[in-house]
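Read top to bottom, the protein sequences are chains B and A. Read in order, the letters of the first sequence are residues 4 to 455 in this note's numbering. Read in order, the letters of the second sequence are residues 18 to 143 in this note's numbering.
No lab work stands behind these hints, which were simulated from the structure alone. Model, not experiment: these values are computed from the prediction. Every residue gets a Cβ at the ideal spot worked out from N, C-alpha and C, and that includes glycine. Among the hints, a few may not be true.
As the list claims (entries may be wrong) - According to the in silico footprint, chain A covers these stretches of chain B (three or more CB under 8 Å from chain A):
no., segment
1, 39–51
2, 66–80
3, 150–159
4, 186–199
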Amino acid sequence: MINYDIVIVGGGPAGLAAAVCAKQNGIDSILILERDKELGGILNQCIHNGFGLHTFKEELTGPEYADRFIRQVKDLGIEYKLNTMVMEVSQDKIVTAMNREEGMFGIQAKSVILAMGCRERPRGALNIPGYRPAGIYSAGTAQRLVNMEGYMPGREVVILGSGDIGLIMARRMTLEGAKVKVVAELMPYSGGLKRNIVQCLDDYGIPLKLSHTVVDIKGKERVEGITLAQVDENNRPIPGTEEFYTCDTLLLSVGLIPENEISRGMGVEINPVTSGPKVNESLETNMEGVFACGNVLHVHDLVDFVSEEAAAAGRNAAAYVKAAAGSGNPADSDTVSTDAAGEQSTDNSGAVEVIKDTIEAHEIRLIPTAGVRYTVPSTIRPDHMDENLTVRFRVGSVYKNCYVSAYFDDERVIHRKRQVVAPGEMEELKLTKEQILQYPKLKTITFKVEEE
Amino acid sequence: MEIKNLICINCPMGCALTVEMEGQEVVSVSGNTCKRGDTYARKEVTNPTRIVTSTVRVAGGEADMVSVKTKEDIPKGKIAECIKALKDVQVQAPVYIGDVIVTDIAGTGVDIVATKNIELTLPLLG
Ligand SMILES: Cc1cc2nc3c(=O)[nH]c(=O)nc-3n(C[C@H](O)[C@H](O)[C@H](O)COP(=O)(O)OP(=O)(O)OC[C@H]3O[C@@H](n4cnc5c(N)ncnc54)[C@H](O)[C@@H]3O)c2cc1C
Ligand code: SF4
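Isolated chain B (complex conformation) (with noise of 0.2 Å):
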């Protein structure tokens, strides 16, 4: 068997960032497997601009910010297969991975990075009655459609979600000549970026419905039009609020997911809020030395952030490579890395302290409530903790100037005015080692959102 200190299993934006912060905390035994031909993720079908503007000063588009991570991991040396599906990772870190040259292989990892990245939420899940024409497609498929294969889904276009997919899709159908007649939105308020709604929207005269849903679907065949109707408070449609618009395209943005079922196949835990891995301050799963990252963390709406969180996992998986080796840890005991790299880290002389399980150890747990709906991550060892740890979340519905607040068991610690809060924009708050230390039998963080 081929064996590696570190497998990546997906090369979007969260895999390249992690490897190469892996590879700068000392380890040169990665493997990054892509199932695409290509590296870069999602990031290769997002041509407008927008990204970087955190991490490099600069407003790039999509495949330019894709092409900044992928130059590093090439100049770095690291190591990675294209069109190589991962199928599998058992639970003692066998990655089962296929790919037309080399058929089904397995490769031994001491530590596995999730990046997977997400996938957009099926149409079934939709329930709109009716006949199932052509021409109703995701908007991240007819985004890959127009902007990878130049083929334009339709002519005259409704969208149904009001997520930053549909929205960047309304403006560039528009640009390529088709007619956006309305966006609607099943929510009172946008699943986008509000920059997105103004050069997306405004700018091009597009209407946006919020509290709307489409009832119906006409065409047999081809979709000819849909109806959208009002929605009350629960959601239903409101008789008499029905408008017909022809259209021979229905543009579905209703959200992502997180892809994780090579995950939950190895006994990772999930978290029913965001459907990724539940992870604690490291960035890693239940199972040990499997860490998460990215979008199948939980859904983000910014690619800096993404770098941002990888590179945390790939120094994360480093240290766990490095301490498992300085504790002879079984994961490397019968297993010799020759394949890779070629050097073998026999180096025992990091002292047999046990990096898990001191004395002091605890956990804390992090709990979302009044308004926030999950945190990122769920759980922190202080004593594993990096001097500063960004905690993200997302809220369940609009408040304006309110404020964000932490508590420490019952003592409010951290207490942020915000002039809007949205489900559409992540939020985040720091927390330091120093401020955990000071509360040597912490149990808890509370996050809230609170009016004052």
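Add chain A with the ligands to chain B, keeping to what the hints say.
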């Protein structure tokens, strides 16, 4: 005095900006978190501009399309013309990020550049 409310589109913070206008003159901008918001607001109420992204066809490459953008932002009113001018453009692979695809698009003085690398398809590469 006229008040205009804008959302800054320069970064995902999406600050809510308030611009006070006296005729064509900007009197004040508020609500911005950083300088970019101020600059954006002044431009947006007088001469709004945007970066435009699209794709053009590639011959002989690993992919059929290459993504492109205007190197700088162009006046909003020129967007449609810019896209139209790109309709029939075809380039030959290889194409690399930053390569100029069209110079001075739609008379704006701004070039169209590639935003993706498209290598040649060679039958027996490697
Ligand atoms: C339409 C759209 C517009 C966006 N706009 C912006 C924007 O304007 N600005 C911004 O900053 N961000 C934007 N984002 C967000 C950003 O692009 C994503 O958050 C980011 O790409 C997520 O990176 P990732 O690596 O987690 O996932 P992905 O990019 O999805 O990468 C995952 C990779 O894993 C591979 N993979 C999955 N399963 C397997 C398997 N079993 N075996 C092998 N490989 C596998 C996939 O092929 C893929 O390449 C946008 C996203 C979308 C979808
Ligand atoms: S004002 Fe500055 S911080 Fe606010 S959205 Fe604009 S660029 Fe971002």
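Hint by hint, here is what the structure shows:
1. Check result for the segment 39–51 of chain B against chain A: holds, 3 residues qualifying (beta carbon to beta carbon below 8 Å, three or more required).
2. Counting residues of the segment 66–80 of chain B whose CB lies closer than 8 Å to any CB of chain A gives 3, which reaches the minimum of 3, so the coverage claim holds.
3. Proximity of the segment 150–159 of chain B to chain A, defined as three or more residues with a beta carbon under 8 Å from a beta carbon of that chain, is established by the 4 residues found.
4. Remark: the segment 186–199 of chain B is confirmed as covered by chain A, as 3 of its residues place a Cβ nearer than 8 Å to a Cβ of that chain, reaching the required three.
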